[in-house]
Structure formats: C-alpha cells, structure tokens
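Residue numbers (our numbering), protein chains in the order written: chain A, 1 to 318; chain B, 1 to 318; chain C, 1 to 318.
The hints are simulated quantities; they were obtained by calculation from the structure and are not laboratory data.
Predicted model only: the values in this text are computed from it and were never measured.
Treat the hints with caution; some may be incorrect.
No copy is singled out in the list; a pair is fine if it fits within one copy or between any two copies.
What the hints assert, rightly or not - Okay, derived cross-link-like pairs now, SDA-like style, lysine to any residue, Cα gap no bigger than 20 angstroms in a straight line:
#, residue 1, residue 2
1, K46, P297
2, K47, A107
3, K47, H133
4, K253, Q236
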Amino acid sequence: MTRSLQLTADGQLKHLLTLDGLSPAILTRILDTAESFIDVGEREVKKVPLLRGKAIFNLFFEPSTRTRTTFEIAAKRLSADVVNLNIAASAQSKGETVLDTVSNLTAMHADMFIVRHAQSGAAHFIAQHVEPHISVVNAGDGRHAHPTQGLLDMFTIRRYKGAFHNLRVAIVGDVLHSRVARSQIHALTTLGVPEVRVIAPRTLLPTGVEQMGVHVFHDMQAGLKDVDVIIMLRLQNERMKGARLPSAQEYFKQYGLTPEKLALAKPDAIVMHPGPMNRGVEIDSEVADGPQSVILPQVTYGIAVRMAVMSLLMGPAQ
Amino acid sequence: MTRSLQLTADGQLKHLLTLDGLSPAILTRILDTAESFIDVGEREVKKVPLLRGKAIFNLFFEPSTRTRTTFEIAAKRLSADVVNLNIAASAQSKGETVLDTVSNLTAMHADMFIVRHAQSGAAHFIAQHVEPHISVVNAGDGRHAHPTQGLLDMFTIRRYKGAFHNLRVAIVGDVLHSRVARSQIHALTTLGVPEVRVIAPRTLLPTGVEQMGVHVFHDMQAGLKDVDVIIMLRLQNERMKGARLPSAQEYFKQYGLTPEKLALAKPDAIVMHPGPMNRGVEIDSEVADGPQSVILPQVTYGIAVRMAVMSLLMGPAQ
Amino acid sequence: MTRSLQLTADGQLKHLLTLDGLSPAILTRILDTAESFIDVGEREVKKVPLLRGKAIFNLFFEPSTRTRTTFEIAAKRLSADVVNLNIAASAQSKGETVLDTVSNLTAMHADMFIVRHAQSGAAHFIAQHVEPHISVVNAGDGRHAHPTQGLLDMFTIRRYKGAFHNLRVAIVGDVLHSRVARSQIHALTTLGVPEVRVIAPRTLLPTGVEQMGVHVFHDMQAGLKDVDVIIMLRLQNERMKGARLPSAQEYFKQYGLTPEKLALAKPDAIVMHPGPMNRGVEIDSEVADGPQSVILPQVTYGIAVRMAVMSLLMGPAQ
Numbered sequence: 001m002t003r004s005l006q007l008t009a010d011g012q013l014k015h016l017l018t019l020d021g022l023s024p025a026i027l028t029r030i031l032d033t034a035e036s037f038i039d040v041g042e043r044e045v046k047k048v049p050l051l052r053g054k055a056i057f058n059l060f061f062e063p064s065t066r067t068r069t070t071f072e073i074a075a076k077r078l079s080a081d082v083v084n085l086n087i088a089a090s091a092q093s094k095g096e097t098v099l100d101t102v103s104n105l106t107a108m109h110a111d112m113f114i115v116r117h118a119q120s121g122a123a124h125f126i127a128q129h130v131e132p133h134i135s136v137v138n139a140g141d142g143r144h145a146h147p148t149q150g151l152l153d154m155f156t157i158r159r160y161k162g163a164f165h166n167l168r169v170a171i172v173g174d175v176l177h178s179r180v181a182r183s184q185i186h187a188l189t190t191l192g193v194p195e196v197r198v199i200a201p202r203t204l205l206p207t208g209v210e211q212m213g214v215h216v217f218h219d220m221q222a223g224l225k226d227v228d229v230i231i232m233l234r235l236q237n238e239r240m241k242g243a244r245l246p247s248a249q250e251y252f253k254q255y256g257l258t259p260e261k262l263a264l265a266k267p268d269a270i271v272m273h274p275g276p277m278n279r280g281v282e283i284d285s286e287v288a289d290g291p292q293s294v295i296l297p298q299v300t301y302g303i304a305v306r307m308a309v310m311s312l313l314m315g316p317a318q
Numbered sequence: 001m002t003r004s005l006q007l008t009a010d011g012q013l014k015h016l017l018t019l020d021g022l023s024p025a026i027l028t029r030i031l032d033t034a035e036s037f038i039d040v041g042e043r044e045v046k047k048v049p050l051l052r053g054k055a056i057f058n059l060f061f062e063p064s065t066r067t068r069t070t071f072e073i074a075a076k077r078l079s080a081d082v083v084n085l086n087i088a089a090s091a092q093s094k095g096e097t098v099l100d101t102v103s104n105l106t107a108m109h110a111d112m113f114i115v116r117h118a119q120s121g122a123a124h125f126i127a128q129h130v131e132p133h134i135s136v137v138n139a140g141d142g143r144h145a146h147p148t149q150g151l152l153d154m155f156t157i158r159r160y161k162g163a164f165h166n167l168r169v170a171i172v173g174d175v176l177h178s179r180v181a182r183s184q185i186h187a188l189t190t191l192g193v194p195e196v197r198v199i200a201p202r203t204l205l206p207t208g209v210e211q212m213g214v215h216v217f218h219d220m221q222a223g224l225k226d227v228d229v230i231i232m233l234r235l236q237n238e239r240m241k242g243a244r245l246p247s248a249q250e251y252f253k254q255y256g257l258t259p260e261k262l263a264l265a266k267p268d269a270i271v272m273h274p275g276p277m278n279r280g281v282e283i284d285s286e287v288a289d290g291p292q293s294v295i296l297p298q299v300t301y302g303i304a305v306r307m308a309v310m311s312l313l314m315g316p317a318q
Numbered sequence: 001m002t003r004s005l006q007l008t009a010d011g012q013l014k015h016l017l018t019l020d021g022l023s024p025a026i027l028t029r030i031l032d033t034a035e036s037f038i039d040v041g042e043r044e045v046k047k048v049p050l051l052r053g054k055a056i057f058n059l060f061f062e063p064s065t066r067t068r069t070t071f072e073i074a075a076k077r078l079s080a081d082v083v084n085l086n087i088a089a090s091a092q093s094k095g096e097t098v099l100d101t102v103s104n105l106t107a108m109h110a111d112m113f114i115v116r117h118a119q120s121g122a123a124h125f126i127a128q129h130v131e132p133h134i135s136v137v138n139a140g141d142g143r144h145a146h147p148t149q150g151l152l153d154m155f156t157i158r159r160y161k162g163a164f165h166n167l168r169v170a171i172v173g174d175v176l177h178s179r180v181a182r183s184q185i186h187a188l189t190t191l192g193v194p195e196v197r198v199i200a201p202r203t204l205l206p207t208g209v210e211q212m213g214v215h216v217f218h219d220m221q222a223g224l225k226d227v228d229v230i231i232m233l234r235l236q237n238e239r240m241k242g243a244r245l246p247s248a249q250e251y252f253k254q255y256g257l258t259p260e261k262l263a264l265a266k267p268d269a270i271v272m273h274p275g276p277m278n279r280g281v282e283i284d285s286e287v288a289d290g291p292q293s294v295i296l297p298q299v300t301y302g303i304a305v306r307m308a309v310m311s312l313l314m315g316p317a318q
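Full structure from sequences and hints, please.
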C-alpha cells in the first residue's frame, strides 16, 4: 500500500515514506538530481530559487535537532520558507489529533510536511490523509524507515564506488532497532548490489532478516572479509544498559570497528556511519577520523539528497 | 482608554489590542484588505514584498505553537524578518521586567510586536510604553481578547453569508473563560448583526453578559433555532475537571454540537470553531468534518487577516 | 595562543574569541565598520545583501534568548541564512562530542559558528578545530570573554565621547564573575584610555586584578570621582544568595548607582550596563532611565557591531 501511496498514477514520486518498493529508476533519478545540487553548497551564494515562496513545515513529534537542521538547511538553500514545529510540547498536549494538526497546517497553504515521529507508520498515516497537492517526507518513524538517510548512503556509495553491481556491502550492528538499516537493505538490493551482509549478535537481529536477501554473520572476521563498503550502525545508549548486551566494552571488543578489523575489508573499502557516533562503542576514533571514513561526506551529501527529494516531490514545475 | 490607544490622531489603526471600540469602517477596512491577500496563499510563489526588511517579533510569554505559526507564516508571506522569542524560559527568569525586554527589542529596531501573554492587559500595557513607530498586536491576553481570531471569524461569516445585517449568530459554550467570545461579540454587534445569542450553562457565562447586547440561552434546542451561524467555543481541559461542569460526557450531551442539534439551525447555517477542537466534547466529528463546517477555511482566512492587520499597522507606506 | 589563533597570517581577523591581544588598528577597524552599518537599522528596508546565501549557526550550548536574538537579527540584516541550535537539549544528550557536532555542521557547509558555552575556552577550542574557511565568534564562554559585548561598549564610548585618550572609565560591580569586564578592560587599555578603574567589594574582585592595568577602589565615593564613563556590571542572582555578599539591599546601598552617587562623576558622564538590569540592586531606575543613561543605545549599537564582526570575518569578499 505504501508503495503505491508514494507514487502518482504516472509513476512520479509524490511522497517519500520508505525506500521499500521504489524502482531502480526512481532511486537513480533522486541520486542524479542530488548530483546536480552538490555544487550549490560550495557556491559563494548557497541558494537556488527553485522553491521560493513554498511553505515547508518541519513537523517533529519527536525532537531531533540534527535531522531537523539538515531539512531546514536543504529547504533554505532551495529558498523555501521553513516553519519549525515541535509538536510534542504543543497542540498534542491540548488534545488535538495529529490529523487535526495536519489539516490546520494544510489550511495555511502548506506545500510539504517533513514528519518525524516515534511511531512507525506516522508519516504514512499523514500521507494517506493530506490533500492531493501536499507532499510528505518521512524523516524517521519509529523502527520503520528513514528514507532520506538511506538515499544519502546510496549517494555516498555511488560517489565513492561508481556503481553498485560489483559491490559487497556489510551493515554492522543493531539492525533490530534501526530504521536506517531497513531503508539501506531495500535500497542496496534494488540498486543491484549482489551481496549485502549484516553482521550483528543474534540479539540485535530481527527474526527472518535473511528473507530480506541479506547474508547473516555473527562475527566481524568472517563478515568483513573483502567487503567494499562497511556501514556501521549507531548503538542506542538504552540498548547498552539493557539485557540484550553484556556491556559497551564487550560490544566494542566484538563488533566495534577498529583498524585491525577494518584491515579485513578490501584495502579501498569505505566506512560509513549515520551519526551521531558513539566513539569507542561501535567505532574506534582512529577509524572514524581515518582516511577510509566517509562519514562527514555523508553529511554533506545528505543536504543535496534532501534538496533533490524536496524539489522532485514539488512536481512537474521543476 | 484602549480605544484611543489603538488609533492614531487621524483615526488610523496603530495597534490591534481589542475589537472593542473599533468602528465599522475600520473593521470593514481590515476585512477588505484581507480579501486582497487571499490569493497570495494560492499563488505559485506565496510571497509579496510589502514588509521586506521589517523586523517582527513574536513575543510569546505563554507558549502557543499554533498561534505563533499563523503569525510567522503571515509575516513571511509579507517578506518580513520574523524572530520568535519564547520569553517564559529566558530573560524573565533572569529578573528582567517586561518593559525592559520590550525596550531592548525596540533598541534593536523592532517594527512590530506580536504579544501573547497569560495576563489580561499585557499587550495593552506594552502598547502604552512602546515608541511611536512600533505597533503591537495582541495575540491573546488572559481572558481579555484575541482580536485577530475575532476578525477572521468576521471575515469567514462575510465570505459565506455576504453581509451581517440579516444574520442570527449563536456562540455556544464556555463564554466565561473565552477571550475569543468577547472579541466576537464586539465585532458582531459593531458590524450590525441584529441578533447575537450565547448558549451556555449558567456556570460558564460571565455575570451581566446580557449587557453586551446578547440574548442568553441555556439550552441548545431554543438557542440554535433558525440561526445562520454557529460559533462553537473550545472547552478547556481544565474546566472539564473542575467543579463547574458535571463531566465531558454530560457536557457533550447537553451542549455538544451533533447533527441532530445542527438540524435546528437554518439549513444553510455554517459551523465555526476557533480550534483546537475537542472532538466528542463540544463538537461531534460528523459535524466538524461535515458539509456545513467552515472550520478549516477559518484557518486559511486567518493568515490573510493577519497579513492585513500587519500591513495596515505598518502605516501609510502601504 | 588565542591571539594568533584569531588572526590570519597577514593579520586579518579570522575568529573573534577575545579582545585580549587584538591591536588598536583591528579594534578601530571593527568600530569603523560598525559605524557604516548604523544606518541599516534605520532604513525602510533594514537589509543589505552582503552575506546572502551564507549559513550562520547559532550554536548555543547554554541558552540565552537575548544574545541569540542579537546575532540572529544581525545575520538577517546581512541577508544570511541563520539556523538556531539549542544544543543543550539535543545531540549532546545522545553522547556526541562537541567536535563531532561541529564537524557535522561544517559538513553541511556552515560558514560561521556563533558559540555560547558555559565553559571558558569553548569557542577557542572549536576555533582550533574548524576547517580553514569557517569563522567562530565567541558569544560568551564561562567567565572568560564576551568580546562582542566589549566591542559594543567601546563603540558606545567612542560615539558619546569621541575619543579614548582623554577618558577616565569606572567599571563597577562583580568583576570576579564577569566575562564582560575582562573584555572591557582589555579593550579600554588597548584603545588608549589612560585611567581604568574597577570599583567593587574585595570579594567580587579577582586576585591580581591590578596587573591588568586598572586602579582598584572599594568605595563609590572615591571611585566615581570625575569619571567620564561608568560601566555597571550585572550582579548575578546566584551571587546575591551566596556567602560573598551580605544582601541585595546592602549591596545596593554601597554599590548601587543612585543619582547621588552619579553626581560624583563628571556632569556629562555616561552610564552603561550590559543588561539585563537588576533594577534596585546594581542600579537605581532613576539612573537607568535618566538622561545620562546610554543603556538602550548600547543595544542598538550591538547589532551594528555584530554585523561588522560577521562581515569582517567573512573575509576578503567584503
């Protein structure tokens, strides 16, 4: 249902809710569009007038300064007007429903909602109910998806590796709780990566993860062997204190990416991380700041990818 | 005193603090100006350069994401620079007086203050002390007034009913605690509505409300009979828990607007609500989302009305 | 180290971290540039396009609505895009380091960080680690420095007194805890003020303050005699409750600036205060609002000074 919901009748992207079900052509079109925005961030005047006078609402039911900032910057570089709404603290507490909040903002002539919510399916739910001229971007919903993160990861891989069809990619860490991992696996598979691996302790893997088309490894030695791309996942603080893991130190020892473990991958392998990093837990600083790390370029590309998504969703005018 | 404070010597609007005392000519001028802004929200580029380079401060001593957003959007559509100040959490806690805060912002060359405060008279107090070139808009002060809400209600009625002189209007609910109701009654009377009714339990009516020129009803059956416009008021959560009311269920049974009660009004009656709604308390969802509801158009018109107020207050340049 | 850090190899200002070590030529250049921005605030359209498309981040690890507002307004008058980040409540709580936060924002093509932090040296630390094209402005770090406040004080003195070489300046109050006082003393000395006095109880003076080139007084009668400029410092609320002071009333009696004490200074002496004021503690309202007070002009000049700093730091383009 989501698949069709985010496309128009003629196959154009209308909402971005998940990467699941998007065709290689659409993914590639987003990446190509992002490519055209890369240089905007490097100009003397970092702005294009594409979305001038458009009203974009950052509708954050769950606070995330970092994610909100990337969308705010992307929108401003497109010359849109951005309004930040931290909903947790406001109307919700007055008993208004999410849909009433959305209807009200729609009545103010909103053009796009960037939605962040702790519950899986929230952005999807909103997209089902908005008026036809409005687009919804999922900026993270529960454990479900975080598609712009997945897209910027694909963009980064393509930039550094040139293509997808000849790659071996390892995703390492807390796949179970990661909305990013799901988005990544879908996108990697769709774009033709022949071998996607996940490396994690059993307690941090969803049951049936193999059915997503990935190879499962429980130790780094085997899992990292000859990979081209390593995507480290963030280990949420709350997991470290939970029963699923012995301790942060023990986790680092087994699954933390150190120079030694990195040496198992191909010599030109790149290291990625969605941030914010727990240095010394899932990744060693020497790797995070080392020559194979492309963690900061990911952030840079994230702006271009979000600009691409926003401008594509705004439709035929572009 | 308020009456003269908000007008210049030659009768132009200088501040908007209350609708009480404003002439039909001034109210009509605001509504006419709002009419000219309606199409801005529907344009490809939702902006006019009228207030470019003006500094508008959202001075919110009481948080209200919803109201702040409407003013922020209106200001941005006029190309003004908007700065949001949530004062509750900042200078006030350092012991600075309201007037020192205002003086400081004035010294930064503010052009307009949008003031929200839990205390009645706060915007009025500020308007008394600002420098002559600065305008103040009351965005809600205690139980006193919320004039832009009242204006957008008048705008909505005029849009749907064409005129005021032949209408019967009912205001339903917690008149006692409503700053909106006071603004509405003043405006309706001034604009020539021949019959304004209030419908509420005795405990939710201010003493002497009849002296405002309204007809008082305590039951919906009699009160809604043959009205053209029904304005539902929000029932604050805190009232429901208080001694003034039996229960939310009981309130809904007696005063909640259901399709059955709505049928008592004229067949083309419109239903209004300032939001946020308590569905199932003061209004049934079938009515709120039904064909006679103009609740979302109210929100749309609210932007145009606020643009009109801001541009009129900025004076002769427009 | 700080001294060289904030200058480029050819002596241009790269960061503004402290006034300590800045040459008279650089200080004068900032003040002259600020002079050229004074009229922008008085124009019909309060904007110049100097920094259009630049990304300025208000990086506030310690909340300060007032200071944040002045930088936000200055940046908007220069047409820059401003993003406000209240870090206390966000990434820091997810365990990200300050440098990782800064690196991430840099990767989003930031041009300038305005840094406020409770710890002395924070802005300095960040400036040491940012990429070469980025500038850092210290908006207050612990007890260390608040250089734009110091600069706006110098600008105010020059505006009212014309020059520095013939002045007697008294700084009154809690020098010990004041980051402003340090910045002021450095700037006054550098700009050639022949006599800088500090007036305070022993408990509110740092040890060895004389080595900064100031004359120390413990009573107002002697200290204010024949001065041209009186700079009152804010007495933090927490000090009043501490063991260092008998009581706010007692402090006011001894060190509060009353009309009587002001009469000891030269008849044309000006009175300054960085705000927010504690009326009736360090200053009497009659003085604060009186003809010799230049406290509100300080605020006005603060915008011009911050515009000057931002545009100078952006480098050769200006």
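Comparing the hints with the structure gives:
Taking CA atoms no more than 20 angstroms apart as the test, K46 paired with P297 passes inside one copy only; the shortest distance there is 17 angstroms, against 34 angstroms between copies. Taking identical chains as interchangeable, the C-alpha atoms of K47 and A107 lie at most 20 angstroms apart only when they sit on different chains, with a minimum of 16 angstroms there against 28 angstroms within one chain. In this assembly of identical chains, K47 and H133 lie within 20 angstroms of each other by CA distance solely across copies; the values are 18 angstroms between and 24 angstroms within a copy. Taking CA atoms no more than 20 angstroms apart as the test, K253 paired with Q236 passes inside one copy only; the shortest distance there is 17 angstroms, against 48 angstroms between copies.
Going down the numbered hints, you'll see the structure goes against none, and every one checks out.
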